[in-house]
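Q: Residue strings, one per chain:
There are 2 protein chains.
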Amino acid sequence: MPHSQFAAELDRLAETAIKVGVRLQEGQDLIVTAPVVALPLVRRIAAEAYKAGAGLVTTLLNDEEVALARYRFGNDLSFDRAPFWLYEGMGKAYAGNTARMAIVGENPMLLSDEDPERVARANRANSTAYRPALEKISGFEINWSIISYPTTAWARVVFPDDQEEMAVAKLAHAIFAASRVDTNDPIAAWTAHNRKLNEKSTWLNQNNFAALHFSGPGTDLTVGLADGHHWAGGEATAKNGVTCNCNIPTEEVFTTPHAQRVEGHVRATKPLSHQGTLIENIAVRFEAGRIVAATASRGADMLNRLLDTDEGSRRLGEVALVPHSSPISQSGILFYNTLYDENAACHIALGQCYAKAFRNGTSLTQDEIAARGGNASMIHVDWMIGSAEIDIDGIRQDGRRVPVFRKGEWA
Amino acid sequence: MPHSQFAAELDRLAETAIKVGVRLQEGQDLIVTAPVVALPLVRRIAAEAYKAGAGLVTTLLNDEEVALARYRFGNDLSFDRAPFWLYEGMGKAYAGNTARMAIVGENPMLLSDEDPERVARANRANSTAYRPALEKISGFEINWSIISYPTTAWARVVFPDDQEEMAVAKLAHAIFAASRVDTNDPIAAWTAHNRKLNEKSTWLNQNNFAALHFSGPGTDLTVGLADGHHWAGGEATAKNGVTCNCNIPTEEVFTTPHAQRVEGHVRATKPLSHQGTLIENIAVRFEAGRIVAATASRGADMLNRLLDTDEGSRRLGEVALVPHSSPISQSGILFYNTLYDENAACHIALGQCYAKAFRNGTSLTQDEIAARGGNASMIHVDWMIGSAEIDIDGIRQDGRRVPVFRKGEWA
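Keeping their order, the protein sequence lines are chains A and B.
All residue numbers for the first sequence refer to our numbering, where the first residue is 1 and numbers rise by one.
All residue numbers for the second sequence refer to our numbering, where the first residue is 1 and numbers rise by one.
Wrong hints could be hidden among the right ones.
Calculated cross-link-like contacts (lysine-lysine; reagent style DSS-like; alpha-carbon spacing at most 27 Å) [said to hold, decoys possible]:
#1 A:19 to A:136
#2 A:136 to B:92
#3 A:92 to B:92
#4 B:170 to B:239
#5 A:200 to A:92
#6 B:170 to B:19
Calculated directly from the structure, the hints in this document are not laboratory data.
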């Protein structure tokens with residue numbers, strides 16, 4: 001796309017990020033995390049944040065070359081280190097009502113050639129250190145949002161057969177379209193989209209299903225839903241009272257499975273790109289909510305390390321419904337990035353549940369969430385189980401079945 | 001200079017920064033702060049740090065466009081904000097023996113067109129928030145070092161009459177030469193240089209002067225030295241036992257003035273570039289250690305705001321001797337950056353003193369330092385009073401005068 005068009009859509013993406021995504025409040029501080037190569041978007045977001053009356057905007061920029069230097073030259077002990085002081089500080093900032101914007105666009109394959117044990121150790125150390133801050137996000141204490149930037153490294157992975165410039169242009173086009181900033185009024189487009197998602201989640205909440213049953217090729221899975229689960233999608237209101245869109249884009253409605261009530265087997269319908277490693281053809285079997293067997297044709301080692309992270313990493317924290325006709329699914333692009341790929345298909349997530357996916361969830365304690373069947377873990381990893389061949393039934397509290405999806409679409 | 005030469009000297013600068021500057025210990029974590037445009041050096045420093053056995057390297061990259069966005073679009077209240085959580089975290093990291101590397105190269109004129117009151121408010125908020133962490137640096141709790149990178153914005157200010165590429169090449173040449181990385185063995189060059197600086201500080205310590213008397217055009221200044229003051233220069237040993245070079249380059253030997261015993265008047269011999277504002281032709285008068293009158297032909301407003309920062313900002317925290325023949329002085333370049341300009345001339349610093357410039361200073365409490373005449377402040381701002389026309393006498397405890405400098409050179 002022409003540079004001027006790219007710049008104009010990036011302007012709109014920044015405005016959408018602040019006004020729709022995080023919906024920054026006057027006087028509120030903001031932390032922005034981003035790959036350093038996303039600087040053109042970071043700068044626009046800082047400007048939009050200040051225009052919206054931000055207190056202070058603090059940017060934390062990370063660089064993939066610096067991250068790789070540890071794997072290339074690092075002392076073995078360094079892989080158990082994490083910046084506790086920084087994450088503790090971020091947690092304090094959130095506790096003080098600082099909003100959070102994450103810009104993603106990492107190279108999905110960055111660590112694919114590194115020793116999986118080192119990758120897993122580094123991830124575990126990082127997750128442990130970040131957990132107190134992450135709980136403020138998963139507990140929806142503050143308004144937060146994730147958006148993306150078309151980095152060169154990411155574009156190369158998504159469009160390996162294109163010249164670099166073309167690959168970046170294609171990824172930018174896909175990002176801008178999915179984020180609804182390819183129109184003159186993204187704010188209005190998001191208002192309409194939020195209304196549509198709200199209709200679906202309202203219908204699901206009225207039905208108050210005890211479980212969902214997924215069936216399709218390689219899949220026969222019953223996902224019991226948590227007691228007091230709540231279907232959410234699109235904009236939602238954080239504990240600090242701010243209504244924000246946590247993901248831009250988003251096409252899903254989602255809720256909380258019961259950590260002990262998942263039975264059967266399921267096959268992933270797309271590869272999972274996790275922390276730089278591609279995991280393909282995942283198939284798992286659940287008993288009493290727990291994954292008791294797991295295979296993958298590629299990345300099985302990483303998958304098993306992921307499942308062994310902690311007590312909660314073999315249980316589900318989220319189930320989400322996305323029609324096969326969703327624009328991201330129809331683009332046919334595998335993004336190797338959860339923010340996009342989870343919006344292309346129905347999915348489930350291993351690990352931590354979201355407080356906002358319970359009725360009155362943001363006022364529940366962690367013990368109350370656990371008592372209702374909400375899962376707890378250091379991880380939250382989505383993987384795709386939806387396709388044009390998937391049927392979903394809702395199972396009511398009285399056992400009656402209601403069609404929810406047929407052949408990948410709302411029934 | 002050719003790109004390959006630039007890359008080779010940058011490699012050596014990174015190696016020198018880790019091995020001579022911060023002298024990172026095996027297993028020690030490192031925080032690197034830098035302008036985002038210094039990324040080529042940041043990446044090399046991360047690699048060198050890991051080669052030296054670093055624990056974890058954490059980089060904090062700041063961007064000038066983001067900083068300017070606050071001035072262009074920011075709510076007035078935002079100028080009293082600072083990232084307390086981040087600075088508190090840095091202080092904790094230092095308390096946990098994390099080493100610190102600062103890469104400087106900011107545009108010295110970045111904020112020169114902004115409202116000085118807003119600049120001063122933002123600086124004050126930042127200094128207040130950073131103070132606990134800064135005390136760990138000024139108290140020499142850990143090994144730390146400052147080096148520089150030839151950014152385009154800085155080069156443009158230093159060489160305004162050159163094309164951009166030439167300006168950057170000239171600044172790079174000056175930085176690499178002053179940092180002694182334009183030789184094949186920078187480590188050996190630094191060993192020799194440290195020995196030379198040590199000879200000078202040893203002679204001054206043996207003399208144990210009560211005061212120094214500076215005389216020259218517009219200057220007749222007696223700087224009483226703190227009780228138990230210690231002359232330092234070049235490498236020094238932090239409280240954590242690591243011997244490092246805090247400044248690369250460095251040409252000075254320095255000690256601690258007595259906060260109550262400075263008398264007379266002094267004229268700056270170079271402009272002072274402070275937080276984006278140029279202050280020219282500073283002239284001040286001291287009574288009982290305190291600046292009671294201050295003028296400047298440009299930036300007087302900023303100077304007065306600086307002096308009004310806190311109780312200690314009108315008193316001296318450092319006096320340093322640099323011969324007029326120092327390589328940086330002889331380059332004839334005004335760098336608009338303290339790391340360089342302070343090494344071109346004798347100078348004094350307003351504000352906070354350094355514990356390492358007391359005998360056994362790193363084991364003194366803050367109260368003990370204050371009792372010996374050490375000054376305390378949120379600021380530490382060096383300004384140049386040396387030239388080829390300055391004479392300095394040392395005044396012994398018995399009142400006898402000893403020539404120290406004549407016409408800007410060691411007597």
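Q: Check whether the Cα positions of residue 170 of chain B and residue 239 of chain B lie no farther apart than 27 Å.
A: violated (38 Å)
Q: Holds or violated: residue 92 of chain A with residue 92 of chain B, Cα cutoff 27 Å?
A: Distance of about 14 Å is within 27 Å: holds.
Q: Does the alpha-carbon distance linking residue 19 of chain A and residue 136 of chain A stay inside the 27 Å limit?
A: Distance ~21 Å between residue 19 of chain A and residue 136 of chain A Cα, so the pair holds.
Q: Given the hint that residue 136 of chain A pairs with residue 92 of chain B, does the C-alpha gap stay at or below 27 Å?
A: Given that 27 Å is the threshold and the Cα spacing comes to 21 Å, the pair holds.
Q: Measure nothing beyond the straight line between the CA atoms of residue 200 of chain A and residue 92 of chain A; if it is 27 Å or shorter, mark the hint as holding.
A: Judged against 27 Å, a Cα distance of about 36 Å means the pair is violated.
Q: Measure nothing beyond the straight line between the CA atoms of residue 170 of chain B and residue 19 of chain B; if it is 27 Å or shorter, mark the hint as holding.
A: holds (26 Å)
In this structure, the earlier hints numbered 4, 5 are contradicted, and the remaining ones agree with it.
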